[in-house]
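Student: As a plain string of letters, each chain reads:
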Amino acid sequence: MERLHWVRHRWQQMVGVDVGRGWYSSAAPLSSKSPLDAQEPPAHRLTGKRRTVVARCGPNQSEYHSVCKGYPGNSISTTKYSLLSFIPKNLFEQFHRAANLYFLFLVLLNWVPVVEAFQKEITMIPLAVVLTVIAIKDALEDYRRYCYDQKINNNSTSVYCGKQHEYVDRRWAEVRVGDLVRLCCNEIIPADMVLLHSSDPNGVCHIETANLDGETNLKQREVVRDLPQQGSEFHPENFSSHIECENPNNNLRRFRGYMEHPSKTRVGLHSDNLLLRSCTVRNTETVVGIVVYAGHETKAMQNNSGPRYKRSKMERRLNVDVLWSVVILLLMCLTAAVGHGLWLNSLKDPIYLIPGDPPPALAGFYMFWTMIIVLQVLIPISLYVSIEIVKLGQIYFIQNDLDLYNERLDTGVQCRALNITEDLGQIQYIFSDKTGTLTENRMLFRRCTIAGTEYPHHENARAQELYEEPAAEGGCSNTLRSRTSHRSLSCRSLSCNRSSTSLNTLTRDSDTHSHDDAHPTLTRGAFSSAMECVVVPDPPLQLKLGGLSSPLAPPLKQNAAELSHILDFFLALAVCNTVVVSSPTQPRHMVQLPVPRTPLSTLEDMKLLLQKLSLPRFALTSPTSANAGAQPNTPPQPSLTRRLFARGRSATFTPNTPPDPRHATLAAGATTPPPPPTAPPETSPPSRLALHPHASGDHNTDTDEDDDDESEEEEQRLYEAESPDEAALVQAARAYGFTLLGRSPEQILVQLPGTGPLSVPLLHLLPFNSARKLMSVVVRHPVTGQVVLYTKGADNVVMDLVSSDAAGGDRTGQQALIKEQTQRHLDQYAREGLRTLCVAKRVLEEAEYETWLKGHMSAETCIENREELLLDSAQRIENNLTLLGATGIMDRLQEQVPETIEALQKAGIRVWVLTGDKQETAINIACACRLQRPTDKLLTANCDSKEACEILLAELTEEIRHCEESNGGTDAGAAESPEGAAALGFTLVIDGRTLDWALQPDLEKAFLGLTQRCRSVICCRSTPLQKSQVVKLIRDTLRVMTLAIGDGANDVSMIQVADVGIGISGQEGMQAVMSSDFAISRFKHLKKLLLVHGHWCYMRLANMILYFFYKNVMYVNLLFWYQFFCGFSGSVMTNSWVLIFFNLLFTSAPPLVYGILDKDVSAETLLCIPQIYKSGQDSQAYLPSTFWLSMLDAFYQSLVCFFIPYFAYAGSDIGVLSFGSPINSAALLIILLHQVIESRTLTSLHGVVLIGSAVFYYAFGLVFSVVCVTCNSPTNPYGIELHFMSEPSYYFVSLLTTVVALLPRILIRAFCNTISPSDTVRAGIMDRLRPEEYWTCVSQWKDRLHSKNVQSSRLPPSNLSINADPPHSTDCYPEACSVLS
Amino acid sequence: MMASSYNAKEDDGHHPGASGPGGAAANSKKPDNTAFKQQRLPAWQPILTAGTVLPAFFVIGLIFIPIGIGLYVTSNNIKEFEIDYTGIDMSSPCFNCSQNFSWNSTTPCKCYLPFSLDQPFESNVFMYYGLSNFYQNHRRYVKSRDDSQLNGDSSSLKSPSKECEPYRESSDKKPIAPCGAIANSMFNDTLVLYYIDPNGTRTEIPLVDKGIAWWTDKHVKFRNPGGSNANLTASFQGTSKPVNWNKPVYELSTDPENNGFINEDFIVWMRTAALPTFRKLYRIIQRKNSMTPTLPQGDYTLEVTYNYPVRSFEGRKRMILSTISWMGGKNPFLGIAYITVGSVCFFLGVVLLIIHHKHGNRSSADIPN
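From first to last, the protein sequence lines are chains E and U.
For the first sequence, the UniProt record's numbering gives the first residue as 1, with consecutive numbering after it.
For the second sequence, the UniProt record's numbering gives the first residue as 1, with consecutive numbering after it.
Treat the hints as calculated values from the structure; they're not laboratory data.
Hints may be right or wrong, so weigh each one.
What the hints assert, rightly or not - Simulated restraints, written as ranges between beta carbons of each label pair:
| id | chain 1 | residue 1 | chain 2 | residue 2 | range |
| --- | --- | --- | --- | --- | --- |
| 1 | U | 76 | E | 101 | 36 to 46 Å |
| 2 | E | 348 | U | 237 | 35 to 45 Å |
| 3 | E | 1247 | U | 32 | 33 to 43 Å |
| 4 | U | 44 | E | 940 | 48 to 58 Å |
| 5 | E | 361 | U | 162 | 54 to 64 Å |
| 6 | E | 251 | U | 44 | 31 to 41 Å |
| 7 | E | 1287 | U | 76 | 11 to 21 Å |
Virtual Cβ for every residue (Gly too), placed ideally from N, Cα, C.
Put together the whole structure using the sequences plus the hints.
Tutor: Right, here's the structure in full:
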């Protein structure tokens, strides 16, 4: 069915949009090439790449009609058919399948009188059955889509109406391009709109894109800049600007265009101005936008691509064998044709020959076609349908596996691709992302280095470790929100239809979000559980910072520079991010910024701060003045903050157990001095500011300083970050008093220690980009007033950009020193497995800034290649940096990751880790998750040039060889074989740059040669592109099955390239999941998914396919043998209904049950002994040899099945159909019992189906032979069964035939299983043992494998050399046996 | 089973909205912990090893050998006599008849074949005619009939099915009844059996021509047009006889119960044979009493009214006399096959036993290698 969807989808794409128009989409004629277009000024559609939009109800009304009329409306129709067009269109589509064409061809062939084999209606049955079944399914699906579409189209929204001069409610379907739409909070956006007005004073609005990409954090959108009427009430009548933008495309993150005001000024439009259809407006009272893309042209709809279609490895193999079947068919037909010709040729006018026969040669030619009709069943067409059904069944079981269910997230495994289940059982390479896949992706700030001084944060580490326990059980608070998003995701994954998916979630969301909001949703977004991320400040650092504001600890003179660094460092942490602040009591309502835009501190205060803190010239600060300046300033602040949060508090302030006390006890346990009782704020105002040096190590002081309300507010402030790192950093900064209070596009509100909320004017934000690996903000420093660029990013990048010759003589030396020390610390962090980020700043001269700004603005307004220009612009400013420090963020390993990796490696799967982290971090993680064992030898590859890389690769290969020879070197073969590598263990660590070289075509081979000798490979510092390149290289060159697993957007390309892509539904949005074939929630689930379900699916499907081939060949050959006794005339000895139904009805259900329920080895054993997985990797169950052996068996069985009845009845008075009756029943018994032999498990279901099939056959035969008196002319079965089943010879013949036919297979099976059983058989035998015996067996098995690892003397076949571990089944049992198994 | 699981999935996928976050506990997506869904259904796991299979082999051997012996003995007890009367040899009495042949010859050519039976035939004796190299199973031949016409359908009688072409209408455009190639090529030799007493007198042996067709064919499938009691000549008015026939279908027999389409010779012929060498039941010689054998030992003469041409396609014609058993006619194949298979199974059982002793005991305690 999946294939069908795919074909349909492709077809639809080809034919175009208008195909999708259903019976109700009366609106929106698609005649964009209407005559109106012709009259248009050519400027509007010069390139064909742009579109012009003007407001529908405004001054440009006349222009609107000429420009925007042609754009399609907003009604969507994802249905494919209308009532009238259903039958023709559905048939047309169905006949795009090769299988159906084959059937059709046969039907047509049967209409040719000279070749006609059966009655015409009979050959039509298979086709009719298939067509009807699929048509019904399609119709139901389409109807469901229709209902969803209707629901969507009938949603109402308020659109400005020019006639009534007000907003009126309209159906979504009636919205047109150019309409001005007003939306309220929590409403769903009906079409892609450019934001023109927001009730937010800053001109922003927030949208939630969960319906689109599953990301639940808020995205900020801003009103088009420089709108003439910004700020005041928006008057649609006055809006007269033109919008010029790209033609519709599916890039969600890109929108380019400009708005031209009547004054001819142009303003650039970008994706931040665009509200996307099916997103939800949050946190904003009302917004007004102008529709630019509607209906099918919206980005949401354009992204609604069809289901993923992948062809599994086995399917490719299967197709080859289907072709072989065709060859066999043709051979058989040819034999018959030639035979018929010769037979006719030798005849002389027999009375039984009907006059008017063509000459023998021509008759032979006709006979060829007749035989194709007669033997059509040989091509297992129904196999494709059966496989699809079996896969659905397999997926059903995978999705229902309790072991793959995650209680916390309430998700199980989601199978998004329906047709590659068996690939899971053949994986040879796993490419894994690190962050979020192997690790939790719950970032915890661990330590930092500032200005070359390391602050180890020991207390913090201890507190976090203590916290781990509660986190494990109490972490469910984190899931409330994510649950809904997962659900929406799963429904997307399950419904196979094209577009009801996101719409589906959309409607659902609109139904439920209010409900959702009523909940005290505590946590949403990436990182918000306050408990987890509280950082216990490091005492020395606290002390130093305390000196900043405390009157009691006079800052030392030499510390001034360092202090300014510290200040800058934390300011950067707090400011340089895209974190959105919200308060939990009002979920999703972002904390509003105060209206005044000026800093809150008085000028005086600011001066003091300036004096005190930053620059060398102010180095000598008087503590008293600072104190004096700071103190009087304090009283206004609480009230201000209160005002700030008044809204939040007025809404139900639920007693949602503030995490504070818990943490307090934790911290108290960790630190020696118990927290002093809180002083009421009225009595000791200074204590709010003064961080007592003696108590500064205690975090409690930090919170206790604030008054109670304040601290509660503090704790409940939620940070929603796009990446967890950012949130962790913001939390860390907060621990030191640098609290991020809110942000708007123009300013950031922060609170510095000792000050109230300060507004930091945000001049520019240069978002993170994987090419730059940096993220920067340009702000006006709140204290000094300078324009400062704060940058954070990957350490190697930042280190390169740090200026080596900054102005000022001795500072250069100091910078170099800092750089050197920081580098040392960074290396240390990486060794500990921490993620490192460097923080740097650059003070910009005003003039310099102005120049840059000009260039940047032009880049921003550019439509074409804006990305490149923006990148250039960013690079122009992000250099010559001053290093401030670096942070180490801890990311815990997920549970059971080491065990999983170990099991996967034992299963012969090579695990590669591709990460963007530092080399040391990656190695550390690799060690932690046992990817690299302590005994392993580590090879690192870092080089700067291609030549060096080439040499390095050769050297490393040589080194491995050398090691192998010296270590295991008794056997020359061992060195060559990969087992040598496995026994020794090599881990290759390669960095991104070297990887770049190694991936070049001429070095590929050396690289692959090297990696094949290593047990594991770690690619660090790799970009998303490299990840996919690596996967592609391995997949294509080594011809292996690859699996990529990841959780983030950077893994998407890798996931898409790999044969099997697995997404982890984690913290970083849903992009990985959306592009994956399977989505799991934890890495550990991979173990069962592959080792158990993969193995089962593979074995089941392989056996099912082989059985199917066998079944068809066996049955069809009976007809073929008969040709030798009827002059190759195409006669059949079976009633034609039985003939057609034999495959379609009588023997179709058992293989399905077999393919869904068979279980060769129990799940426990598969998990205990991962080595069994290798049978799937080597495709042991379905090799060409297995195929041909089962063909051979089928030939043998059909020979037996035909010739035993033949000899039993030869020369007697038996009639044509009477002869067929015992043959048929014997064939049925053989085919059914054959499956019993092949099955490894027989449940009651098997019994029911098998017996049911047999009963069905006999019942059908009997009823038919009683009822059908004159029907079905040439093969009228009247009375046959009745007559024959009353004769004992019938039973004797059937019995003998069945036994003789099945004997060889039973025998060979028994011999093989006894003399040299395969792994799966041995495991199957083990499963039947008593528990205690079972466990001894398991341990014995493991011991044996272990000892073999050490010996490792056998060379595997060359094509299997990718298997790292030694082949398990050493003693070569004959190929034949393994093939039969 | 399949259908239900598929639907369940569909439901999962398309109605998630029903489970809002409110009833999270009730609507959890946690899979049910049932034996079926967790694939823990109680199952029988047949693993074919020497140990498990060998009882089956012995059992098969033990069952098959007696069956085989029984069948063989039964088959051997059947007495069968066969005589070829094609007349290919110059010496054959039917040589002359076989030479000059015409379907419509008015003067029947008769030949007499003497033969003798070495043993008396005790029970009912079935008299068959056998044809060789006659492909009654040829696809186009098999098709060339009209079952509804034979079932007495009057419209089919007047306009037979197209399948009957070119034996559908006679040259004078009358529909042929019965139409088609099968009917047209009906076997039309007449066989009469004479017993030659030791003293030389020739006694015609009574041949019963009823009960040779299947009951269902005679009573249900084949019917004369116009009901059972109608005047056949009138019923077949307006139809033509098959081209090769001497007389129309309503003159096949004088017995009204055995005339027209329900003539048993005709019915037997119409049930096409499966293989090119076949026999068809011609007459039954019923046992008169338990004291005397049906066909005593001695000399016989077969009188053949030689009509049916087979030499043109190198066919052969035979006359077969046979008694039958509960297993049907004489065929030693099944018995021998059963005995052979039984013995082979027994032998394999022994081999498996040896293998089991050498290898099998390891499979349970410690897995081999």
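Student: Indicate, hint by hint, whether the structure satisfies it.
Tutor: Status of the hints after comparison with the structure:
1. U/76 - E/101: 36 to 46 Å: violated (57 Å)
2. E/348 - U/237: 35 to 45 Å: Given range 35 to 45 Å: holds, Cβ gap about 38 Å.
3. E/1247 - U/32: 33 to 43 Å: violated (23 Å)
4. U/44 - E/940: 48 to 58 Å: Check passed, 55 Å falls within 48 to 58 Å.
5. E/361 - U/162: 54 to 64 Å: violated (26 Å)
6. E/251 - U/44: 31 to 41 Å: Check failed, 57 Å falls outside 31 to 41 Å.
7. E/1287 - U/76: 11 to 21 Å: At roughly 19 Å between Cβ atoms, residue 76 of chain U and residue 1287 of chain E fall inside 11 to 21 Å, so the hint holds.
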